[in-house]
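On the provided structure of chain L, position chain W as indicated by the hints.
Protein sequences, first through last, are from chains L and W.
For the first sequence, position 103 (counting from the first letter as 1) is numbered 178 according to this note's numbering, and the numbering increases by one without interruption.
For the second sequence, position 40 (counting from the first letter as 1) is numbered 43 according to this note's numbering, and the numbering increases by one without interruption.
A portion of the hints provided could be inaccurate.
Unchecked claim - For lysine to aspartate or glutamate, the following EDC-like pairs were computed, each having C-alpha atoms within a straight-line distance of at most 16 Å:
| hint | chain 1 | residue 1 | chain 2 | residue 2 |
| --- | --- | --- | --- | --- |
| 1 | W | K100 | L | E133 |
| 2 | L | K116 | L | D183 |
| 3 | L | K116 | W | E42 |
| 4 | L | K97 | L | D145 |
| 5 | L | K119 | W | E8 |
| 6 | W | K45 | L | D113 |
| 7 | W | K100 | L | E128 |
| 8 | L | K116 | W | E8 |
| 9 | W | K110 | W | E42 |
| 10 | W | K45 | L | D183 |
| 11 | L | K115 | W | E8 |
| 12 | L | K111 | L | D183 |
| 13 | L | K115 | W | E42 |
| 14 | L | K119 | W | E5 |
| 15 | W | K100 | L | D105 |
Derived from the structure by calculation, the hints contain no laboratory data.
So the chains spell out like this:
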Amino acid sequence: DTAVSQTPKYLVTQMGNDKSIKCEQNLGHDTMYWYKQDSKKFLKIMFSYNNKELIINETVPNRFSPKSPDKAHLNLHINSLELGDSAVYFCASSQTGTGGNQPQHFGDGTRLSIL
Amino acid sequence: GENVEQHPSTLSVQEGDSAVIKCTYSDSASNYFPWYKQELGKRPQLIIDIRSNVGEKKDQRIAVTLNKTAKHFSLHITETQPEDSAVYFCAASRGNKLTFGTGTQLKVEL
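So here's chain L without its partners, still in its complex pose:
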């Protein structure tokens, strides 16, 4: 069973379109994240939700809008796609612990290509 699953795995679309990526985790974690990995492999946090509440919102264009309907799901909607949005988007989850930070588990990624 996949712990953190993302759909779709590949997304090829035209510039200017709107698209969504979905993420679900079955680990019972209370915190979920979106990361962007660019062509140089640099991994950067975009958003984080804890129990459906936005807790991290990095400097990301407002064309990107995350939504968390419940703590097991975190979706990412992107409006007016641009060439620079081409990247691999990773979802991750972790459990808030009283002992400090807990490991983040990543999904398999969504490879977004803008034509």
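For chain W alone, kept in the frame of chain L given last:
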């Protein structure tokens, strides 16, 4: 905010040799330091982590050391094997926010 620097960007070793990857961080309040391995086309996978109250941690062929005073931490892989070839990322966090290093492409040659 936190800034994590990672060196080297590429590393080639002969099978059986050791590999060392080094990272520095800027935020003295960071208290959790995981290392991830990412194979080509795959997701980052946690291989080992260390918290700020520990100076060293070992798991079979992998070890991590942390020097809080100098804000340095390192990954050591002994007896490298071809399947160790991948990109390795260090990271530092304060709270839930992980800041990643720029990655090290490790190649283990036969």
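Status of each hint after checking the structure:
no., hint, result
1, W:K100 x L:E133, "holds (10 Å)"
2, L:K116 x L:D183, "holds (15 Å)"
3, L:K116 x W:E42, "holds (11 Å)"
4, L:K97 x L:D145, "holds (13 Å)"
5, L:K119 x W:E8, "holds (14 Å)"
6, W:K45 x L:D113, "holds (14 Å)"
7, W:K100 x L:E128, "holds (15 Å)"
8, L:K116 x W:E8, "holds (14 Å)"
9, W:K110 x W:E42, "holds (11 Å)"
10, W:K45 x L:D183, "holds (6 Å)"
11, L:K115 x W:E8, "holds (15 Å)"
12, L:K111 x L:D183, "holds (12 Å)"
13, L:K115 x W:E42, "holds (14 Å)"
14, L:K119 x W:E5, "holds (12 Å)"
15, W:K100 x L:D105, "holds (14 Å)"
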